[in-house]
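Those protein sequence lines, which keep their order, are chains A and B.
The numbering of the first sequence is the numbering used here, which starts it at 1 and goes up by one.
The numbering of the second sequence is the numbering used here, which starts it at 1 and goes up by one.
No lab work stands behind these hints, which were simulated from the structure alone.
Please note that the accuracy of each hint is not assured.
Capping the alpha-carbon separation at 20 Å, the derived lysine to aspartate or glutamate pairs in EDC-like fashion look like this [what the hints assert, rightly or not]: (1) 29/A <-> 55/B; (2) 277/A <-> 54/B; (3) 33/A <-> 53/B; (4) 33/A <-> 3/B; (5) 49/B <-> 278/A; (6) 50/B <-> 278/A; (7) 446/A <-> 389/A; (8) 29/A <-> 3/B; (9) 225/A <-> 3/B; (10) 33/A <-> 55/B; (11) 391/A <-> 54/B; (12) 50/B <-> 35/A; (13) 41/B <-> 278/A; (14) 225/A <-> 54/B; (15) 50/B <-> 389/A; (16) 225/A <-> 10/B; (17) 52/B <-> 389/A; (18) 277/A <-> 53/B.
Okay, the calculated bits of chain A under chain B, using three or more residues with CB under 8 Å as the criterion [to be verified]: (19) 200-207; (20) 288-297.
All C-beta atoms, glycine included, are put in the ideal place defined by N, C-alpha and C.
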Amino acid sequence: MTHFSWALDGSIVGLYLVATMVAGIMVRKYVGKVEHFLIAGREMDVYLGIASLAATEFGIVTCMYAAQSGYQYGFTGAMPGILQAVAMLLIGLTGFCVKPLRESGVMTIPELFQKRFGSQIRWLAGVVIVLGGLLNMGVFLRVGGEFLVQVCGFSAGEAGGGLMGFLRTHYLEVTMSILLVMVAVYTILGGMLSVLVTDFLQFVVMSVGLIAVTLLILVNVGWGKLVTTVEEHCGTGGFNPFVHPELGWAWVVNQALLTIAATLTWQTTIQRLLAAKDTKTGRKIYTGTSFFFVCRWLIPALWGIAALAWLTPAVVAELPKAVQDKLAMNSINAMPVFLSQVVPSGLMGILFAAMLAADMSTDSSYMLTWGSVIYNDIMAPFHKRRWSERKGLLVNRFIVALIGIFLLFYGLWYPLPGNVWNYLVTTGTIYLASISVLLVACCYWKRANSWGAAGAIICGAIIPVAYLVLEQVWKVPKFDAAGQAVLDAAGQAVREGYLTQVIGPSWAGIGTFAIASAAMVAGSLLKPPPRTDPTPTDAG
Amino acid sequence: MDELTRIVREHWFWSGITAACVLWYSTVTVYVAIRGSFDIKHMLARLAKKSKEEE
Chain A
1 MTHFSWALDG SIVGLYLVAT MVAGIMVRKY VGKVEHFLIA GREMDVYLGI
51 ASLAATEFGI VTCMYAAQSG YQYGFTGAMP GILQAVAMLL IGLTGFCVKP
101 LRESGVMTIP ELFQKRFGSQ IRWLAGVVIV LGGLLNMGVF LRVGGEFLVQ
151 VCGFSAGEAG GGLMGFLRTH YLEVTMSILL VMVAVYTILG GMLSVLVTDF
201 LQFVVMSVGL IAVTLLILVN VGWGKLVTTV EEHCGTGGFN PFVHPELGWA
251 WVVNQALLTI AATLTWQTTI QRLLAAKDTK TGRKIYTGTS FFFVCRWLIP
301 ALWGIAALAW LTPAVVAELP KAVQDKLAMN SINAMPVFLS QVVPSGLMGI
351 LFAAMLAADM STDSSYMLTW GSVIYNDIMA PFHKRRWSER KGLLVNRFIV
401 ALIGIFLLFY GLWYPLPGNV WNYLVTTGTI YLASISVLLV ACCYWKRANS
451 WGAAGAIICG AIIPVAYLVL EQVWKVPKFD AAGQAVLDAA GQAVREGYLT
501 QVIGPSWAGI GTFAIASAAM VAGSLLKPPP RTDPTPTDAG
Chain B
1 MDELTRIVRE HWFWSGITAA CVLWYSTVTV YVAIRGSFDI KHMLARLAKK
51 SKEEE
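Chain A extracted, bound-state conformation (with noise of 0.2 Å):
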């Protein structure tokens, strides 16, 4: 039972669908070069950037991870977006690696490399950028799409034959790709400008959902009651991270070093930067966005501990029993099952439109980011000005529409993971520790060169990736903190990465931070120094 009614709800989201592909499509008669396309001639003001940013940084994947993290871990979920925030202010504010990045003026960090360490580190660095965001990103559209379905309390219908058959089994791929298809739309048409303008239009949008529905979880469920829920079930852990059984110091230092390395060179985040019509404004997007990564992590925090406050067994009991397998079946399910039973008829509405407006403006910026890599890196052997505007911006729409398509089959094929944030973390320290380090090194270490970025960004790569292939092939018992072996609810033992058990997520993120620094040190301390002619001498 779901209170999403096609009459009040769905007019609200076509309404909302309508003005956003108007906007998008609107200001493409103001694309004319590929300057335009990747960074918006770079004339973006600080109010625009602000919106921008917060509204790409926060899509339906963020809200699930994040309620997920509250729901598993309590207030201290929402720990990285209070150590985000810390980072973005400080960076802002000090300038540190993003006003020598901004001044130089490249549109991409692997440029920055080339001028620095060559050619070839800017297009290793590139292809990590690119396979690293793409895997990241990878999971979106589906963790969206089960957000949608399921707080609209869409469910599988009976199989039939012909298209209405297939409709009804695969409403969820069908909804997420005529939303992409729609967001490609206005991104391959209108690149950034599109992306500015729409993900203003989803700021709007998405303030008004995250508001109103964090104001009704507050009066109906009550702070007394969430506060106590976490109490109940994380004890002092669920308040303080240092203390928590399964987080603890490894846990907020690799947070830590992922939240500045992300702020440095997180390829959304960037492209504000590089986007703003001057360094100045590049540092105050930072600033003024910082506390949003507080939000960004609290609210749908507060929702995942809403969930639990209100998905009691005896609740549970009386769901649906597809609900109930729902909600067995991975954590991440529980707030939007919760949402979908709270949320009255109108506030769904506007609480699907924030939702479809965070997705697609994450979505778009995304498409669009990596894209630039992709062209401005990775292909630029092949197009060095030799190409005209007109052929550059031909290929940056073909790329888009391509990534589009990957992420269409990606996207929608790949099995959830158990917990989705640790899926990002992972994926995303493909390039984070490495490029971070390389951006540091090439920022303020004169002695930085090509055989330690190359040192840097290979082991910074081969540390995560192992460990999500590891994670994947190499499966043992999960055992309880008693040591008794845990079993499913069809009584089968649950397995787990031998990995986590041994190592964990953290200190291997820890540990590609360092290895990463370790490399770039080792590789340009034993790269001989360039050779320099013999001076001339008077006796000569």
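Given the coordinates of chain A, work out where chain B should sit on it, guided by the hints.
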């Protein structure tokens, strides 16, 4: 009421930061939205002007 006071006192950090988030989304987003709309207008005007100059 006593229970709520205890909760807010014991968990002042999370109580404060949650209140700040709600306040932030209710006020700052409105300000950003208004100023952002002017930014869009000016950005498109500058791009149109540049485009004319280049022609």
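Checked hints:
| no. | hint | result |
| --- | --- | --- |
| 1 | 29/A <-> 55/B | holds (15 Å) |
| 2 | 277/A <-> 54/B | holds (19 Å) |
| 3 | 33/A <-> 53/B | holds (14 Å) |
| 4 | 33/A <-> 3/B | violated (62 Å) |
| 5 | 49/B <-> 278/A | holds (18 Å) |
| 6 | 50/B <-> 278/A | holds (17 Å) |
| 7 | 446/A <-> 389/A | violated (35 Å) |
| 8 | 29/A <-> 3/B | violated (59 Å) |
| 9 | 225/A <-> 3/B | holds (10 Å) |
| 10 | 33/A <-> 55/B | holds (13 Å) |
| 11 | 391/A <-> 54/B | holds (19 Å) |
| 12 | 50/B <-> 35/A | holds (13 Å) |
| 13 | 41/B <-> 278/A | holds (18 Å) |
| 14 | 225/A <-> 54/B | violated (62 Å) |
| 15 | 50/B <-> 389/A | holds (16 Å) |
| 16 | 225/A <-> 10/B | holds (14 Å) |
| 17 | 52/B <-> 389/A | holds (17 Å) |
| 18 | 277/A <-> 53/B | holds (18 Å) |
| 19 | 200-207 | holds (count 4) |
| 20 | 288-297 | holds (count 5) |
The structure shown violates the earlier hints numbered 4, 7, 8 and 14.
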